Structure formats: structure tokens, C-alpha cells
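What follows is each chain in one-letter form.
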Amino acid sequence: QQPVQSPQAVILREGEDAVINCSSSKALYSVHWYRQKHGEAPVFLMILLKGGEQKGHEKISASFNEKKQQSSLYLTASQLSYSGTYFCGTEEDNTDKLIFGTGTRLQVFP
Amino acid sequence: DGGITQSPKYLFRKEGQNVTLSCEQNLNHDAMYWYRQDPGQGLRLIYYSQIVNDFQKGDIAEGYSVSREKKESFPLTVTSAQKNPTAFYLCASSNFDTTTEAFFGQGTRLTVV
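Residue numbers (our numbering), protein chains in the order written: chain V, 1 to 110; chain W, 111 to 223.
In case anyone wonders, no lab produced these hints; they're calculated from the structure. None of the values given here were measured: they were computed from a predicted structure. Where a beta carbon is used, it is the ideal one built from N, C-alpha and C, also for glycine. Treat the hints with care, since some could be wrong.
[Unchecked claim] Residues from chain W shown here face chain V by an in silico Cβ test under 7 Å; the list is partial:
1. G113
2. S117
3. Y120
4. L153
5. L155
6. E211
7. F214
[Stated by the list, open to error] Here's a subset of chain W near chain V, in silico, CB distances under 7 Å, partners left out:
8. G152
9. Y158
10. Q160
11. N163
Use the sequences and the hints to build the structure in full.
Shown next, in the form of C-alpha cells:
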């Protein structure tokens, strides 16, 4: 069962903020976030582990609420380079497999 | 340079033929994964392997087969039993478990005509 991401698509002007959500029906051990440019391989952004931590680098940060089985990715003061499709990847408790969500397409315009 | 290599980048096959997609990594990673990407459906897990000579089915394993005879290699065979094989296929690897980042190959776009 793939985690569900919302929204499916976001359109922003440079400098605007966005939040992408990832929700699972299963208890999670970790959540990954990746960004993929069209026709390219997904690129790692960050991992959040069970424990409800929040992480961030530059203007991209994320939170993980293990009780709600949800994670959110926060993009602040968006730049043109943020455009792409964002995927969350989840590992359920007591499994070794990494399952990805359906993706959120983000477009940033000047 | 360390990395994960998929070949070929584009592949065309006639319907009814089996085809094998290559995935090689020199990162010394234990875990390897195969995903299928279709528009609007994200990345769906086909097979994964945590150690040599062992692998598990993902969510959409029907019509696919894999082998893991060497740590570096995890080839995927798309068989004639796969009803809709045209897709973008991505291979990934990571260190032992999923608490470290996964590295992806550049993908293989398979078109079956």
C-alpha cells in the first residue's frame, strides 16, 4: 500500500512557501523525501526516523509524526530549482522494504 | 566514482519477448530495489533484496523476475506474462537497511511494441 501524498500538484511563484504531506495507513519506522527532475533519477533530500524528529537544511525541512503516521515537507521561499516531483518513501515497522508515494509535482515560476 | 548504473537507457522490445534490465552498483550496498514509474502512480516496488541470494516480492511483482547472485548486481527480467510492461524502471541501492539514503540509477525506459 503506497503512502498517500497531498496535494498532487502545486504551482508557486518564486519566494512563496509550500507544504507537501505524506500519510500512511501503517505504523512507520522511517520516512524519506526525494526530489525528481523530469527524466532523471530521484535525489535524496532527507530521512526522518521514528521518534517524531524534525529535520531541515537550507530552506527545506520536514517533520514526522509517528502517532499520526504522517510526514510533511516544508519548502520556504521557493526557488526555480525547487521545481520537480517530490516523493516520500516509507518503511513500515518490522519490514525492510522502502515504498514510495504517488508524488507531488511542484512548479515554481518567476 | 561510486554509483549505481542502469543499462540501457532506452529499450525497445516486441510484445511476447522477455527482456532483462541491468543494474550494477559499486557502493558496496547490501540492499537493492527495483521500482516501476508510470505517470500519476509514483514509484511502485517490484522486488527488493537485502542480501545476496535472497530477494522478496514488492507490491507489483507479477510478470517480473530477479536474481541476486552478486552483491553488485540485481538484474530485472520483464517476462511476457507482464501485461503492460511499457514503463520507466528505476533501480536503487542502500546500506543494509532503510535508515540510510537510497541511491538511484538513471533509469531504463522500456517500450514494448
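Structure-based check of all given hints:
Taking 7 Å as the C-beta contact cut-off toward chain V, the hint placing G113(W) at the interface is violated, the least distance being around 10 Å. For the restraint placing S117(W) at the interface with chain V, the shortest Cβ-Cβ distance is roughly 14 Å, beyond the 7 Å limit, so the hint is violated. Residue-level restraint check for Y120(W) is violated (minimum Cβ-Cβ distance to chain V is 11 Å; threshold 7 Å). At a threshold of 7 Å, the smallest CB-CB gap from L153(W) to chain V is about 4 Å, leaving the interface hint in force.
A cut of 7 Å between beta carbons decides the hint on L155(W): the least distance to chain V is about 6 Å, and the hint holds. The closest approach between the C-beta of E211(W) and any C-beta of chain V is roughly 4 Å, which is under the 7 Å cut-off, so the hint is satisfied. The beta carbon of F214(W) is positioned within 7 Å of a beta carbon in chain V (closest approach about 4 Å), and the interface hint is therefore held. For G152(W), the shortest C-beta to C-beta distance to chain V is roughly 4 Å, which falls under 7 Å, so the interface hint holds.
Because the beta carbon of Y158(W) sits about 5 Å from the nearest beta carbon in chain V, less than 7 Å, this interface hint is met. Residue-level restraint check for Q160(W) holds (minimum Cβ-Cβ distance to chain V is 5 Å; threshold 7 Å). Given hint, N163(W) at the interface with chain V, is violated; its Cβ is 15 Å from that chain's nearest Cβ, farther than 7 Å.
The structure is inconsistent with the numbered hints 1, 2, 3, 11, although it conforms to all the rest.
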